[in-house]
Amino acid sequence: MQTLITSDIFILSIVLGVYLLANLLYKTSKIALLHPLLTSIIAIIALLKVLGIDYPTFKQGSHFIDFLLGPSVVALGFLLHEQIEHIKGRTVSILISILAGSLAGILSVIGIALLLGADKVLIATLQPKSVTTPIAIAIAERTGGVPAITAVVVIAVGIFGGIVGPFILDKLGVKSSIARGLALGASAHGIGTARAMELGAVEGAISGLAIGIMGLATAFLVPIVMALFSV
Amino acid sequence: MVVGIFVVLLFYAIGEGVSLAINGVIPGSVIGMLLLFVALRLRIIPSESVKGFATFLTSNMALFFVPAGVGLMVAYRVLLQNWVAITVVSVVSTILVMVVVGHTHQRFEKKQQRSDELPSESNVDSSALDNSCNPLSKH
Numbered sequence: 010m011q012t013l014i015t016s017d018i019f020i021l022s023i024v025l026g027v028y029l030l031a032n033l034l035y036k037t038s039k040i041a042l043l044h045p046l047l048t049s050i051i052a053i054i055a056l057l058k059v060l061g062i063d064y065p066t067f068k069q070g071s072h073f074i075d076f077l078l079g080p081s082v083v084a085l086g087f088l089l090h091e092q093i094e095h096i097k098g099r100t101v102s103i104l105i106s107i108l109a110g111s112l113a114g115i116l117s118v119i120g121i122a123l124l125l126g127a128d129k130v131l132i133a134t135l136q137p138k139s140v141t142t143p144i145a146i147a148i149a150e151r152t153g154g155v156p157a158i159t160a161v162v163v164i165a166v167g168i169f170g171g172i173v174g175p176f177i178l179d180k181l182g183v184k185s186s187i188a189r190g191l192a193l194g195a196s197a198h199g200i201g202t203a204r205a206m207e208l209g210a211v212e213g214a215i216s217g218l219a220i221g222i223m224g225l226a227t228a229f230l231v232p233i234v235m236a237l238f239s240v
Numbered sequence: 008m009v010v011g012i013f014v015v016l017l018f019y020a021i022g023e024g025v026s027l028a029i030n031g032v033i034p035g036s037v038i039g040m041l042l043l044f045v046a047l048r049l050r051i052i053p054s055e056s057v058k059g060f061a062t063f064l065t066s067n068m069a070l071f072f073v074p075a076g077v078g079l080m081v082a083y084r085v086l087l088q089n090w091v092a093i094t095v096v097s098v099v100s101t102i103l104v105m106v107v108v109g110h111t112h113q114r115f116e117k118k119q120q121r122s123d124e125l126p127s128e129s130n131v132d133s134s135a136l137d138n139s140c141n142p143l144s145k146h
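So the sequence lines, in the order shown, correspond to chains A and B.
For this note's numbering, count along the first sequence from 1 and bump the result up by 9.
For this note's numbering, count along the second sequence from 1 and bump the result up by 7.
Mixed in with the good hints there might be a few duds.
To be verified - Computed Cβ-Cβ distance ranges for the label pairs, DEER-style:
| no. | chain 1 | residue 1 | chain 2 | residue 2 | range |
| --- | --- | --- | --- | --- | --- |
| 1 | B | Trp90 | A | Gly153 | 34 to 44 Å |
| 2 | B | Trp90 | A | Leu33 | 42 to 52 Å |
| 3 | A | Lys180 | B | Leu17 | 41 to 51 Å |
| 4 | A | Leu60 | B | Val45 | 20 to 30 Å |
| 5 | B | Thr94 | A | Tyr64 | 22 to 32 Å |
Bear in mind the hints are in silico, worked out from the structure with no lab data behind them.
All C-beta atoms in this analysis are idealised placements derived from N, C-alpha and C, irrespective of residue type, glycine included.
Chain A extracted, bound-state conformation (with noise of 0.2 Å):
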């Protein structure tokens, strides 16, 4: 008994199957803050705690849903290739826009960390906090963070960016597709993306974009901040 409930096939089948009890609590109470994203977690720490599994076991058994985590960034490569005409002429625009953007960032996570005397330590695992999950922990690694946390505030903050996003960029005036798409992709990663797929296909395929970007500008960005402040 005890070795079933630690196979992998029956974590498996627990990740999927809360996903999509997730999912459809979701959709049929289309309430924002029952995200299946945060709802799994919980659900799933929770079942974890009652049939005593530990986290390592877990993590093991979850390895193959993980995984998928990297290809799914190497499929936004196709993505956006479905959707290169919405760009065509704004890619400078674009650019500036998510440069600015990650630059923001940063500097407010530097600045509002050092306000609240938080550590060296917990700014290095908080700087990559708007980019998708396999790119801020390889950031958070290399700049002295704790991936795990980094892990874990990604995807707060990607739930806190969807559900907020649409109203925050209603009540700025930010109206235009692309650029509220750009938003949703480069402040709340793979989250922000799904709901502005939710908002329109245009919204969803820049947002994806956004995504690439913004780890490509964030990565790029922190070590040069970094040593320019030398935090």
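Given the structure of chain A, go ahead and fit chain B onto it with the hints provided.
Structure of chain B alone, referenced to chain A:
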């Protein structure tokens, strides 16, 4: 489907290889994404071949985050110790990124629209301005 899986994994592997060569500054998956995009643009890879698998991957991204998120069950102590700083930084900085990106790009779009709508007039205006301003600024 198998061809699609192979192509995506192949570009992932090439990306990881390039990433290793540049000391991991840019993660392999991101390089793989750029290379796949270029290969599709140049029609080295027919887009039909990757469509099925790529669509499956990109439309289910939230699922692939779940295992990393469950890491919360071991990382929560450090999170609890610093929750104020983490929350304030995340909320403020996320909104800031969103606003800066959205507004910057919308401003670009409006500028482009204006120059599209009134091409002749704006040209005349700006050249007139240039003519009147330049001699003044030289003084």
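To test your reading of the hints: which numbers does this structure violate? 1, 2 and 4
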